[in-house]
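S.K.: Produce the complete structure using the sequences and hints provided.
These protein sequence lines map, in sequence, to chains U and D.
Be aware that the first sequence starts at 0, since it is given in numbering that gives the first Met the number 0, and climbs by one per residue.
Be aware that the second sequence starts at 0, since it is given in numbering that gives the first Met the number 0, and climbs by one per residue.
Everything labelled a hint here was simulated from the structure, so no lab data went into it.
Computed from a predicted model, the values in this text were never measured in an experiment.
Be careful, since some hints might not be right.
Cβ-to-Cβ under 7 Å is the rule here; a few derived chain D residues that face chain U [as the list claims (entries may be wrong)]:
#1 G7
#2 G102
#3 S112
#4 L154
#5 A155
#6 G202
#7 A232
#8 L234
Note that CB positions come from ideal geometry on N, CA and C, so glycine has one too.
Okay, here's what each chain looks like letter by letter:
Number of protein chains: 2
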Amino acid sequence: MLTFVGLGLYDAGDISVKGLEAVRASDAVFLEYYTSRLMGTTIEDLVRAYGKEVIVLARADVEQHPEPILDAAAAGDVVVLTGGDPMVSTTHMDLRLRAAARGIPTGIIHGASIQTAVCGLTGLQNYRFGKSCSVPFPQKNWFPLTPYEVVRQNLAADLHTLVYLDIQQDRYMRVGEAIDLLEEMAVRVGGSITTYIGVARAGSVSPVVRAGTADHLRGIDFGGPLHVLIVPATLHPVEQEYLEVFAGLSV
Amino acid sequence: MLTFVGLGLYDAGDISVKGLEAVRASDAVFLEYYTSRLMGTTIEDLVRAYGKEVIVLARADVEQHPEPILDAAAAGDVVVLTGGDPMVSTTHMDLRLRAAARGIPTGIIHGASIQTAVCGLTGLQNYRFGKSCSVPFPQKNWFPLTPYEVVRQNLAADLHTLVYLDIQQDRYMRVGEAIDLLEEMAVRVGGSITTYIGVARAGSVSPVVRAGTADHLRGIDFGGPLHVLIVPATLHPVEQEYLEVFAGLSV
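M.R.: Right, dumping it as structure tokens:
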């Protein structure tokens, strides 16, 4: 059997009790660590905390040569660990499809995800979020305006936008960088964003959550990664109060 | 300190390791069980599994007379357990605000949520979801069309819609009932929905996930609660394949 287990948000303790039991009962544990990472732990810590050897997968191990994973899952109980809640990435979906094609039973043990964690951290109500978007690091001759277009469409429908920030190798986009990019996109398109909410290290004991104008947030040290950004629509009274109390939003 | 801990989706094993540690280290544990429930366990099971007495909260205990919770949190370490990921409900936000007003430190330990679990179970990509909606049990002279309007707006923008189904006391809306209601709304508004995806018991070892037309899904026994429904937009190739393999979508 092939079981995908979500590691949750930040460190070795964010896996569910059920997920940890599956890890401990398994014959082999693989770790998919290239589409997302836990910033509050190391692979060595995970191995120690879970009491199991962990085989770290490179992208090619999953996308081009998944046979060793599938062979192990055909012969015994295999767990594939992923950050957050599993299967969000196409690469996991593909692996599950390949397992099914070989007649290997599959299952999912869910984990906490940044997508809902931001609701608790910011007080923004989950049913008021529209489509999410991602801000990539710009490259030479490539500066997509799509992220701002998504924000603008959501704002027009009075919906909040969760903005994922790019991760490349060991480079993690910061709140300030993302704001600079969105502000530049807004200028090019001819729009503007009045309020941002930055969230750093969701799932840790010391997340930083701050709300305000672009200039206000640029002056705040959010600390280490991962960061995400939210562009809120008009705020309901309880959302407003929550952000004033827990994210320093100016009245 | 007042710590909100998410119980995750289905049973006592869906809490995170970190959450369970917080429960065990706490001086008092409260359980908010009126906005959501875990269908795969009982309060007695939770008490046994966590090794702690649990004080079950009624709505009035949180919304009108939260002083005992706050007094305990001012004097020691208090955990408030909630289904899914905490703070999604306004009632939790209000409790955290009251704690802050009394100078009581607060924190959140996240849990898995149906909002992202449906992505793994259905293969629908998380960034392609628009605003979510809820279908309530109709009442005399009250048959809101809003849920269908949300679906229609999302479909127009080629976005999937997660549809939450009503819970009232011990009455849990089923996939078939929700489809009947949405079909009736569509008739009244003059639209139609071609494909539905029903999901039952997310987070359990035997979730049921089925995709197809209204008539097809009406003939399927989804088993016990909780159920949710998704109305998908046009399907990307990998979404289509995933639903064919894991949800019986007809080619």
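S.K.: Determine for every hint whether it applies to the structure shown.
M.R.: How the hints compare with the structure:
no., hint, result
1, G7, "holds (6 Å)"
2, G102, "violated (12 Å)"
3, S112, "holds (4 Å)"
4, L154, "violated (13 Å)"
5, A155, "violated (11 Å)"
6, G202, "holds (6 Å)"
7, A232, "violated (11 Å)"
8, L234, "violated (12 Å)"
Taken one by one, the earlier hints fail for this structure at numbers 2, 4, 5, 7, 8, listed in ascending order.
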